[in-house]
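Fit chain B to the known structure of chain A by using the hints.
Protein chains: 2
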Amino acid sequence: MNEEKEAVTLKDLGEFGLIDRITKKIKSYQKNTKLGPGDDAAVIKSQNNILVSSDMLVEGVHFDMSFTPLKHLGYKSVIVNISDIYAMNAIPTHITVNLGISSKYTLEAIDELYDGILLACKKYKVDIIGGDITSCLNGLTISITVIGEGNENEIVRRSGAKENDLLVTTGDLGGAYMGLNVLQREKEVWKNNQNMQPELDNFNYILERQLKPEARKDIIESFKDNNIKPTSMIDISDGLASEIFHICKSSNVGCQVYEDKIPIDSETYKTSMDFNINPTISALNGGEDYELLFTINQKDYEKIKNDPKITVIGHITKKDQGINLVGKGNTLTPLKAQGWNHFNS
Amino acid sequence: MNEEKEAVTLKDLGEFGLIDRITKKIKSYQKNTKLGPGDDAAVIKSQNNILVSSDMLVEGVHFDMSFTPLKHLGYKSVIVNISDIYAMNAIPTHITVNLGISSKYTLEAIDELYDGILLACKKYKVDIIGGDITSCLNGLTISITVIGEGNENEIVRRSGAKENDLLVTTGDLGGAYMGLNVLQREKEVWKNNQNMQPELDNFNYILERQLKPEARKDIIESFKDNNIKPTSMIDISDGLASEIFHICKSSNVGCQVYEDKIPIDSETYKTSMDFNINPTISALNGGEDYELLFTINQKDYEKIKNDPKITVIGHITKKDQGINLVGKGNTLTPLKAQGWNHFNS
Numbered sequence: 001m002n003e004e005k006e007a008v009t010l011k012d013l014g015e016f017g018l019i020d021r022i023t024k025k026i027k028s029y030q031k032n033t034k035l036g037p038g039d040d041a042a043v044i045k046s047q048n049n050i051l052v053s054s055d056m057l058v059e060g061v062h063f064d065m066s067f068t069p070l071k072h073l074g075y076k077s078v079i080v081n082i083s084d085i086y087a088m089n090a091i092p093t094h095i096t097v098n099l100g101i102s103s104k105y106t107l108e109a110i111d112e113l114y115d116g117i118l119l120a121c122k123k124y125k126v127d128i129i130g131g132d133i134t135s136c137l138n139g140l141t142i143s144i145t146v147i148g149e150g151n152e153n154e155i156v157r158r159s160g161a162k163e164n165d166l167l168v169t170t171g172d173l174g175g176a177y178m179g180l181n182v183l184q185r186e187k188e189v190w191k192n193n194q195n196m197q198p199e200l201d202n203f204n205y206i207l208e209r210q211l212k213p214e215a216r217k218d219i220i221e222s223f224k225d226n227n228i229k230p231t232s233m234i235d236i237s238d239g240l241a242s243e244i245f246h247i248c249k250s251s252n253v254g255c256q257v258y259e260d261k262i263p264i265d266s267e268t269y270k271t272s273m274d275f276n277i278n279p280t281i282s283a284l285n286g287g288e289d290y291e292l293l294f295t296i297n298q299k300d301y302e303k304i305k306n307d308p309k310i311t312v313i314g315h316i317t318k319k320d321q322g323i324n325l326v327g328k329g330n331t332l333t334p335l336k337a338q339g340w341n342h343f344n345s
Numbered sequence: 001m002n003e004e005k006e007a008v009t010l011k012d013l014g015e016f017g018l019i020d021r022i023t024k025k026i027k028s029y030q031k032n033t034k035l036g037p038g039d040d041a042a043v044i045k046s047q048n049n050i051l052v053s054s055d056m057l058v059e060g061v062h063f064d065m066s067f068t069p070l071k072h073l074g075y076k077s078v079i080v081n082i083s084d085i086y087a088m089n090a091i092p093t094h095i096t097v098n099l100g101i102s103s104k105y106t107l108e109a110i111d112e113l114y115d116g117i118l119l120a121c122k123k124y125k126v127d128i129i130g131g132d133i134t135s136c137l138n139g140l141t142i143s144i145t146v147i148g149e150g151n152e153n154e155i156v157r158r159s160g161a162k163e164n165d166l167l168v169t170t171g172d173l174g175g176a177y178m179g180l181n182v183l184q185r186e187k188e189v190w191k192n193n194q195n196m197q198p199e200l201d202n203f204n205y206i207l208e209r210q211l212k213p214e215a216r217k218d219i220i221e222s223f224k225d226n227n228i229k230p231t232s233m234i235d236i237s238d239g240l241a242s243e244i245f246h247i248c249k250s251s252n253v254g255c256q257v258y259e260d261k262i263p264i265d266s267e268t269y270k271t272s273m274d275f276n277i278n279p280t281i282s283a284l285n286g287g288e289d290y291e292l293l294f295t296i297n298q299k300d301y302e303k304i305k306n307d308p309k310i311t312v313i314g315h316i317t318k319k320d321q322g323i324n325l326v327g328k329g330n331t332l333t334p335l336k337a338q339g340w341n342h343f344n345s
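Protein chains in written order, with the working numbering: chain A, 1 to 345; chain B, 1 to 345.
Since the hints were derived computationally from the structure, they do not count as laboratory data.
Quick caveat: nothing in here was measured; it's all calculated off a predicted structure.
Keep in mind that the hints are not guaranteed to be accurate.
Just so you know, same-sequence chains aren't split out, so a pair can sit in one copy or run between any two.
[Claimed, not checked] Restricting the straight-line Cα-Cα distance to at most 35 Å, the calculated cross-link-like pairs of lysine-lysine (DSBU-like) are: (1) 27 x 125; (2) 318 x 34; (3) 123 x 34; (4) 34 x 229; (5) 31 x 224; (6) 187 x 104; (7) 45 x 122; (8) 34 x 336; (9) 34 x 122; (10) 319 x 24; (11) 328 x 217; (12) 31 x 249; (13) 249 x 224; (14) 224 x 45; (15) 305 x 34; (16) 104 x 24.
With the rest of the complex left out, here is chain A:
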């Protein structure tokens, strides 16, 4: 059986065959999906605000196949997208998946990738309603568009932060970046001596942060349960500093962030020190944590103060006070939005 399965190639199946194969695995979780994949377009019945966001992941830029399991990659590619809808305080409902696949990928590799995509869709109750599969000359490109729904008075933009609002983050930061550092180090070791086994045992948490992140659906649900509406929100994909800049720029405000408040997991902290990277820098510039950064009116502080998933890290100021990190001894350092510049490589 197994041999027979391996004998089928992407070339044998062709584009339509591959699409058929994948379409058969797709389940529907959303009642308003009136027409899924298989026609010129999908149809969604809507009486609400539709939210749309789109991201492209490129091999060699966003992921390194030498240490990224395909199933994790598929999972992460969905998370990266739906996280943007949660960051609007809305619910992701549908995605389209476009894949560009070079000939080095086998049918089984695509199945694995899709298994991860399907798993994320199942967990977050998101319907795959269409997409495109094409060959490409090199590597793998994943382009996903996510569609979500939100009530008009619940949608949160980046632009609503006001002076004296609290700046809040979920979870902890810098882990995904340190996970990437570990994977890259072990790859170098392996390249120099291919008999070496990678040492990954002590890095479970940060490796999972890098390879299989989750989106903060729970936070959006808890906002609803506790009747909280953030004044502004963004997801942390490029790094805390970069996202703070986005909120401050969109909201036309300044900000003070307290270094000692930034939540950093002990594994992230220890690994960062081992790599001679200031853990605060990992948290500020690392990116890919997919936590939510938001601002709330001070009157809502009581509602969140006991939630272990949420940490107040600063407050919003007038624009002319700038964007500053408050370090030990109350030293003020202007923050720099480093983020990622893909065109720098």
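Then chain B, alone, in the frame of chain A:
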């Protein structure tokens, strides 16, 4: 001025700078675009059925930069997508644009590409509401998702064709394919002798069909004006034969197509003969014409019979009669769905 402009590189601008630059050029044509690019997601106010379709175009697979002007490529990449929404008898309203750009592309090249995208959006009144721009290791990848609107009782699927319905195509077919053949021939000539100028003067129509196709918005409007609802519809992207197979498979029917009815422009016909390709084959298997193929109930024949943009090319039969081309002397040849298999190259 010009020198100064040329000195700015993609690397200088960075991802956010490039997104800012493009975002400034984006205009809104749709009243229900409540939030465009610049946040985690865009917001569309909807009280209707939302249609979604997505396509990916990859350099070296879908387009050859040696003969494709970037502005035309941008234009075409929008057309390819919105054509899928028209093929549902609906109206495209919004797109997201994801670009993967390798370092060989300059800022001016991206501006040109975007000029074409913006031009198509202006012509078809489609809003760009988001997207992603990233570097990639090789070439150029364009992944667009289009969103449209349609009334529940107007949306046309592939699956509604019934026995005795008429099979109808818009425009003429095979032109885009012959345009591609001419471009590829002239590229070969030029590779052998770079002093040769390409001979393209006599091929204006088919070159435009290949390089700058249009989508059949006019047909959808005329359906509305004449109170016509096709029973099934698809756009002709992979070739007439392939699309006929899609309709017949989805509708569980057979079909007879009359060879002498297939509309072929005289320039397509002549060029096809010069290339020793049977013009019927160009029309059946060529693809990329972005015409609409649809079926209508015979009672609607009176409404379309005088429309020069529309040609009846056959009729729907029971499934067990198969899918046949009726040639000269009433010979029946089973049609083959050739289409494109990108994984064959």
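Status of each hint after checking the structure:
no.: 1; hint: 27 x 125; in the structure: both (10 Å within a copy, 34 Å between copies)
no.: 2; hint: 318 x 34; in the structure: between (48 Å within a copy, 27 Å between copies)
no.: 3; hint: 123 x 34; in the structure: both (21 Å within a copy, 29 Å between copies)
no.: 4; hint: 34 x 229; in the structure: both (31 Å within a copy, 19 Å between copies)
no.: 5; hint: 31 x 224; in the structure: both (21 Å within a copy, 29 Å between copies)
no.: 6; hint: 187 x 104; in the structure: both (20 Å within a copy, 28 Å between copies)
no.: 7; hint: 45 x 122; in the structure: both (20 Å within a copy, 27 Å between copies)
no.: 8; hint: 34 x 336; in the structure: between (46 Å within a copy, 31 Å between copies)
no.: 9; hint: 34 x 122; in the structure: both (18 Å within a copy, 30 Å between copies)
no.: 10; hint: 319 x 24; in the structure: between (53 Å within a copy, 23 Å between copies)
no.: 11; hint: 328 x 217; in the structure: within (34 Å within a copy, 63 Å between copies)
no.: 12; hint: 31 x 249; in the structure: between (38 Å within a copy, 26 Å between copies)
no.: 13; hint: 249 x 224; in the structure: within (27 Å within a copy, 46 Å between copies)
no.: 14; hint: 224 x 45; in the structure: both (24 Å within a copy, 21 Å between copies)
no.: 15; hint: 305 x 34; in the structure: between (42 Å within a copy, 33 Å between copies)
no.: 16; hint: 104 x 24; in the structure: within (24 Å within a copy, 39 Å between copies)
Going through the hint list in order, the structure satisfies each hint without exception.
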